[in-house]
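Engineer: Kindly generate the complete structure, drawing on both the sequences and the hints.
There are 4 protein chains.
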Amino acid sequence: MSGSSIGVLFKVTTWGESHGAANGCVIEGCPPLIDLAETDIQAALDRRRPGQTTSASPRREPDIVEILSGVFEGKTTGTPISLLIRNQDAASSPYDDLRHVFRPGHGDFTYFKKYGIRDHRGGGRASGRETVSRVAAGALATKITGSAGISVLAYTKMLGGIAADPDSCYPSIELAENITQNRLYCPDPDAARRMEEMLEEAKTAGDSLGGVVEIIVRGCPAGLGEPVFDKMDAELAKALMSIGTVKGVEIGAGFAVAGIKGSEANDPIGPKNFLSNHAGGILAGITNGEDIVVRVACKPIASIEKEQQTIDQNGQMTTVSVKGRHDVSVIPRIIPVCEAMMQIVLADHLLRQKAALR
Amino acid sequence: MSGSSIGVLFKVTTWGESHGAANGCVIEGCPPLIDLAETDIQAALDRRRPGQTTSASPRREPDIVEILSGVFEGKTTGTPISLLIRNQDAASSPYDDLRHVFRPGHGDFTYFKKYGIRDHRGGGRASGRETVSRVAAGALATKITGSAGISVLAYTKMLGGIAADPDSCYPSIELAENITQNRLYCPDPDAARRMEEMLEEAKTAGDSLGGVVEIIVRGCPAGLGEPVFDKMDAELAKALMSIGTVKGVEIGAGFAVAGIKGSEANDPIGPKNFLSNHAGGILAGITNGEDIVVRVACKPIASIEKEQQTIDQNGQMTTVSVKGRHDVSVIPRIIPVCEAMMQIVLADHLLRQKAALR
Amino acid sequence: MSGSSIGVLFKVTTWGESHGAANGCVIEGCPPLIDLAETDIQAALDRRRPGQTTSASPRREPDIVEILSGVFEGKTTGTPISLLIRNQDAASSPYDDLRHVFRPGHGDFTYFKKYGIRDHRGGGRASGRETVSRVAAGALATKITGSAGISVLAYTKMLGGIAADPDSCYPSIELAENITQNRLYCPDPDAARRMEEMLEEAKTAGDSLGGVVEIIVRGCPAGLGEPVFDKMDAELAKALMSIGTVKGVEIGAGFAVAGIKGSEANDPIGPKNFLSNHAGGILAGITNGEDIVVRVACKPIASIEKEQQTIDQNGQMTTVSVKGRHDVSVIPRIIPVCEAMMQIVLADHLLRQKAALR
Amino acid sequence: MSGSSIGVLFKVTTWGESHGAANGCVIEGCPPLIDLAETDIQAALDRRRPGQTTSASPRREPDIVEILSGVFEGKTTGTPISLLIRNQDAASSPYDDLRHVFRPGHGDFTYFKKYGIRDHRGGGRASGRETVSRVAAGALATKITGSAGISVLAYTKMLGGIAADPDSCYPSIELAENITQNRLYCPDPDAARRMEEMLEEAKTAGDSLGGVVEIIVRGCPAGLGEPVFDKMDAELAKALMSIGTVKGVEIGAGFAVAGIKGSEANDPIGPKNFLSNHAGGILAGITNGEDIVVRVACKPIASIEKEQQTIDQNGQMTTVSVKGRHDVSVIPRIIPVCEAMMQIVLADHLLRQKAALR
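Chains as they are written, first to last, in the working numbering: chain A, 1045 to 1402; chain B, 1045 to 1402; chain C, 1045 to 1402; chain D, 1045 to 1402.
In short, the hints are calculated from the structure, not lab data.
Mixed in with the good hints there might be a few duds.
Put simply, identical chains are the same to the list, so a pair is met inside one copy or across any two.
List of simulated lysine-lysine pairs, DSBU-like, C-alpha gap at most 30 Å [stated by the list, open to error]:
id	residue 1	residue 2
1	K1316	K1157
2	K1398	K1187
3	K1119	K1398
4	K1367	K1157
5	K1350	K1316
6	K1247	K1398
7	K1157	K1187
8	K1157	K1119
9	K1398	K1157
10	K1187	K1119
11	K1367	K1316
12	K1398	K1367
13	K1350	K1247
14	K1316	K1119
15	K1247	K1367
16	K1350	K1398
17	K1187	K1350
18	K1119	K1367
All values derive from a computational prediction rather than experimental measurement.
Structural biologist: Now the structure itself:
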């Protein structure tokens, strides 16, 4: 296995399991002389922490990050940056019942088939806990993209089948402000209220909910993305689909392109900018200077208390009810993770474009 | 730029432009002792050739492939396989008018912003012509996946807003046969007829159409895919989104997961297999032994005769009507390209899994 | 910068500086189900520790390794293994005088030119301290190569211009035993005694010494190494030359091939094995089943007390005498580092060869 | 196998065998807007062509290069550049006798052990013929390094045990001129004459000769090379050792460092430059602005007419006398190959350094 790294020049390697000693990452290729303190990363981690909404798991991790290398006297040195986040509230005993049982919707079965061994506690490497490293790395990427004028914003567009009013969504000019008004980062307050109710109901029923997150990139210069396999949309799709919960990714008009004509889908070009944005900011895999618009579909949390049919490691039929401490939905905790993955890809391509030019 | 390679162990590097001398690819990592003749690849290329439907461009390329290396006495030797396909019917003069004008929906603008230079003829590197190399490489990948019992099938699920009857689609047992009954590879004959009419109308109107292709992988063993960034679904998403026309990718239930509960989305596990397939054959990024189900959204062809608003390289407003010889829809020609990208990813991960085990 | 990773399938990423909080590495691609405990790695680290000979620095680091991920109930899981070694005895104050002065023979000047910033304490990332991570990773690689029957042995062939008697060196059958008889891992006891005297003299003079290490690989199967750029000898040369102290690498007959004829240099082939080994176990970049024989030239330690001419960061001429706590020679501490780099390359190519076959 | 690519940003992938249809390479990452014509590459290929000296093979290849992609109207576009060189004078019949016999010193045995198949004609992929692609790619790299002020020069320092007078070698100011005075690129005319005599003798005896090539890089800026595994010296060592004939690489003082003290080996630093160059232009793996000095040991050509002991594919003892058309020494034809490999590494690191900075 060598799939734990992402990026060519800004390269992030994550390691760690849900119930191991720690999680962390190594970031190679960060340019020197960038101001970096643990507090910069901590702020991002705090946004991802559980316990803020009904939807979230009661596991309490302080998520204290330690910078182990690559920073000297408050500035990056150009050498690899190693980040460490200890696991402190990993209660493994609730998982003892699961030692020999495969949980539906979970990586148990596939990890066992792949490696012939599984870490039955939490989700092991497939756990959402792994995303703490992504968010930490994303905080560093944000320093690079931010200095190039790029910002990334993600929010809840749908949860449990309830959609935010399209008028409240991108490109509403109040979007950034409105999503701060509720714990679900949903720009439509009515929808947010109904989503919260749905979360309560699902929790009571021992069930879980899925949703859609929309991600907007502003200020991205034209010219990022590498033909032909490392197109910007291809790289973003991979980065986002690599989040365990994501089952679909679309750019700009996305699946709606199947129903419109070329004369509608093609964005006319004006002297200053494109006159519409069906392309979602990416043409032929290269950014065109418009806002990048991406949506991801998030599946319901796999771990539910509701009894489900399954088998044990001997292939015998049984049922399982996952107790543990689980979120009801990955939303809103997945939002900073989506932002982080976007930032990591953008930072990498900013550096790649510097090298691409004469 | 170094984005023209895909794969870690089965690695494909493509090169070539729409109106250059040739297109081709180098395939590294193909195991030795596989029977390989030019006819094996030619058959795949012939499926992709234009001119078979109303939707397709009248450009006539014989697409004769030449194997330049890596095969000795009819067998692969383990060394890089170089494939060459000469361009023969590239008529560049119709593009002279486009030399200083950016075509909406096209890579003209973004390539110019990226590189400061553009090849205005055809689509240059962003042209669909580049996919001839992908299909050639896919034919070789098919040899590897085929000997592992894997097969890939893609078909038209929607075109110009017209959807095939869900009952005719996967998992219908007549699917494979029915899609051979019409030129659009659509399993629903009624829908196929209406799609053809739509294509005629669009052609007459100087417009173009988008659609949805569904891709099914059968016989894939459990255990393929590398946590955490090189998950099988992440790798497939990148490979498919790297096709110029694709604006969305979804796996299994895809975007529909946003509206269902965990108790529905989780596929129960029976003694022999999973009892449903919302996961689309991939759990936690690793194949689970079920059919892999993927859908891609294809945008309408960007080059249309209808007049569109745009600018020239000096930023002056103007209009453009793209004459050339263009397809009305990428469907059905994109179908073998989708299959090829799937095959390339699967072949790479078969080899990676061999190396992953003790 | 993204040069801190080595290997394609068994991939090691190191991080950490001489006087930072810690050093460590992440190892991707280690197969699952390998027994691994911290004691396995500790034994290798202990061999590398300073303080055992006259030549070594008085800095005292316990070098306690902590396995942070990738191991569950004593076995590798196939996921990334993160190793952490805290720095405990890093006394930075002796370096205050060096803050603005470039030390001859050192990375000070080049790091500053590269990054515009330097960590003047110890050698920063260029310090020999970084090799602790290599030795830790090598201990894991040894598990993989060992189970394939491969063993690696390195020893001192020359130090301070004093050469071990050729008869005592490879292929002497007493080699393995004789090198354990003195602290310098030199198979010739007389030479070892004179080397020790040279070390004493150099220490007294505030000077340092270089040498030659020879490395022997036994039990390596034929067929490892990838044409054409990732030839086994090319990969070994890179891995060894990446050790800061190494200025030359040769395989088999090495530079002596310049003076012999083809009829001598070509090793005749007998029914069971090659009848001589000028090739050093590698033909056309692929192992041939014979012992692999490699030699590396190690330069004298750059940090010496003797006064040297140099400049400060303003380009003003000055002199420098490096006090700190420095080794007199990298020998013998470099020996386990050389072995580790060999093991890492061999483990990677064992996995690559598994994937290379049908 | 996936070892046929070199470079991270300026990436070269070669393909082709000695007696296949063609050889060639794909170069990814070449910046746009560089003037490039086939004549630029042809000049480099012509230097490498056989038939100019006694030492060279009588095989006559015109080595006509064709640029298949990546260049438009005489300028690079930033997309992959595909180069094709047809094999025209490959006479395979002399090799029929070798079909089942392993040639000593050759890749026959190891390729067969690796892949279970061999192309017995010429050297297959292990042939010196493969280097035609390296030289072609090097010609392109030279465009990039040249515009940064870097030049590379290689020459014969030793051949058949005869050494050029050290006074005639680097850093002699007449070096560049003197090496053009004879066909062996040797700066010492007397030595050159004796080398030619040695070549004649060896030819008559059906034998072959080895030698040493020294390579000098001038004008390289300080700061190139990536700690810690992709050090400049490590990358150069790999690139040079990947040439089939090379058995040793040393930088600056090289193996001589084993006999000198730190106070001699450390190059003092003056206000404008280093006051000596034992480091060979590289400190801690990063260029220091001085000339880069590298030497490689080249083994005698393996294919000789003299009878040698060997086995056939059934393991039966036999003898072999290789007739074919072979060089007597890789010198001087290897000289442009060494230069090309240096250029490729330097071009890659120039691009990497652009991306490494803020």
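Engineer: Indicate, hint by hint, whether the structure satisfies it.
Structural biologist: Hint by hint, here is what the structure shows:
no. : hint          : verdict
1   : K1316 / K1157 : between (54 Å within a copy, 14 Å between copies)
2   : K1398 / K1187 : both (17 Å within a copy, 18 Å between copies)
3   : K1119 / K1398 : both (22 Å within a copy, 19 Å between copies)
4   : K1367 / K1157 : within (24 Å within a copy, 54 Å between copies)
5   : K1350 / K1316 : between (55 Å within a copy, 23 Å between copies)
6   : K1247 / K1398 : neither (49 Å within a copy, 42 Å between copies)
7   : K1157 / K1187 : between (40 Å within a copy, 23 Å between copies)
8   : K1157 / K1119 : between (44 Å within a copy, 16 Å between copies)
9   : K1398 / K1157 : between (42 Å within a copy, 13 Å between copies)
10  : K1187 / K1119 : within (12 Å within a copy, 36 Å between copies)
11  : K1367 / K1316 : between (56 Å within a copy, 26 Å between copies)
12  : K1398 / K1367 : neither (50 Å within a copy, 36 Å between copies)
13  : K1350 / K1247 : within (10 Å within a copy, 53 Å between copies)
14  : K1316 / K1119 : between (38 Å within a copy, 29 Å between copies)
15  : K1247 / K1367 : within (12 Å within a copy, 58 Å between copies)
16  : K1350 / K1398 : neither (52 Å within a copy, 37 Å between copies)
17  : K1187 / K1350 : neither (43 Å within a copy, 44 Å between copies)
18  : K1119 / K1367 : between (44 Å within a copy, 27 Å between copies)
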